[in-house]
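Line order of the protein sequences matches chains A and B. All letters in the first sequence, in the order written, are residues 21 to 134 by our numbering. All letters in the second sequence, in the order written, are residues 78 to 191 by our numbering.
Watch out, some of these pointers could steer you wrong.
Unchecked claim - Chain B side only, calculated, beta carbon under 7 Å to chain A, not exhaustive:
1. Ala115
2. Gln118
3. Pro120
4. Phe182
Said to hold, decoys possible - To give an idea of the interface, some chain B residues facing chain A are shown, with a C-beta separation under 8 Å as derived from the structure:
5. Gln125
6. Ser163
7. Leu167
8. Ala180
9. Gly183
Stated by the list, open to error - Far from chain A by the CB rule (all over 10 Å, computed), these chain B residues:
10. Gly93
11. Val96
12. Gln121
13. Arg128
14. Phe141
15. Ser150
Everything labelled a hint here was simulated from the structure, so no lab data went into it. Ideal Cβ positions, reconstructed from N, Cα and C, are used throughout, including at glycine.
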Amino acid sequence: AQSVTQLDSQVPVFEEAPVELRCNYSSSVSVYLFWYVQYPNQGLQLLLKYLSGSTLVKGINGFEAEFNKSQTSFHLRKPSVHISDTAEYFCAVSGLGSARQLTFGSGTQLTVLP
Amino acid sequence: ETGVTQSPTHLIKTRGQQVTLRCSSQSGHNTVSWYQQALGQGPQFIFQYYREEENGRGNFPPRFSGLQFPNYSSELNVNALELDDSALYLCASSPTGVANTEAFFGQGTRLTVV
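Here chain A stands alone, though its shape is the one from the complex (with noise of 0.2 Å):
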């Protein structure tokens, strides 16, 4: 079984600066990662994931995320934010065997200032 913990609830940010979100996972076996966008009203859209390879991943929108395995986390980053980024960001863990079972965590909701 796997669990996601999004470290931070709410995040909010000024127009053009950079951002994190945080997300740690526990598994007792190797996994996919995924951070996924919803805004509101809307379903879910992928933002990036990471399989294996490079941990550095990119994404859609200008977002990347770091796989760090000996930390369990996989943060995601964007240098400079738009009000257009406004929105819930979730991350989700998936076993290798049951790849497409998402395990989502809570979820960050991000709000950019002007």
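Chain A is fixed; fit chain B onto it per the hints.
Below, chain B alone, put in the same frame as chain A:
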């Protein structure tokens, strides 16, 4: 290529009633998963269907049941509705193959139980 579509978008039911939610998977995707997202929380995995068979289930009672049809569309049925069943229900479809780990989400059905 059409995406994942869910119907209805909103639904109000009375406690004790039964409800059926529908999902049309993305073209070529033979795996469908259902998630429950309560207000302010991350999505929780309900179950997954692969080629019309249940292929994994989360920690939900038997009154949550599902079907997948030969065209890979799916239904989620919930019997004896409880107030705590009020949530956004998300359907996600995935393509075949172990390497294809991305789940594509629909917009969700907002269920309110009164």
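_Minimum Cβ distance from Val96 (chain B) to chain A greater than 10 Å, as the annotation requires_ = Holds, because the least Cβ-Cβ distance between Val96 (chain B) and chain A comes to about 19 Å, which exceeds 10 Å.
**Message:** A cut-off of 10 Å on Cβ-Cβ distance, and Gln121 (chain B) was said to be off the interface with chain A. Does that hold?
**Reply:** 7 Å, violated
Cut-off 7 Å, beta-carbon criterion: hint that Phe182 (chain B) touches chain A: Result: holds, 4 Å to nearest chain A Cβ.
**Asked** Once the closest CB in chain A is found, is it more than 10 Å from Gly93 (chain B)?
**Response** 28 Å, holds
**Report entry** Non-interface label on Arg128 (chain B), tested against every C-beta of chain A at 10 Å
**Finding:** 13 Å, holds
- Query: Are all beta-carbon distances from Phe141 (chain B) to chain A longer than 10 Å?
  - Reply: Non-interface label stands for Phe141 (chain B): nearest chain A Cβ at 15 Å, farther than 10 Å.
Against chain A, with CB atoms and a cut of 8 Å, does the hint on Leu167 (chain B) hold up? The hint holds - Leu167 (chain B) has a Cβ within 8 Å of chain A, the shortest such distance being about 6 Å.
Does the closest beta carbon of chain A sit nearer than 8 Å to the beta carbon of Ser163 (chain B)?
15 Å, violated
Would the hint on Gln118 (chain B) be counted as holding, given a Cβ-Cβ threshold of 7 Å to chain A?
Holds, because the Cβ-Cβ distance from Gln118 (chain B) to chain A comes to roughly 6 Å (cut-off 7 Å).
Using the nearest Cβ pair, does Ala115 (chain B) come within less than 7 Å of chain A?
Status violated, d = 10 Å.
Any CB of chain A closer than 8 Å to the CB of Ala180 (chain B)?
5 Å, holds
Practice task
Could you check if Gly183 (chain B) really has its C-beta closer than 8 Å to a C-beta on chain A?
Solution key: 5 Å, holds
Comparing the model with each earlier hint shows violations of hints 1, 6, 12; every other hint is respected.
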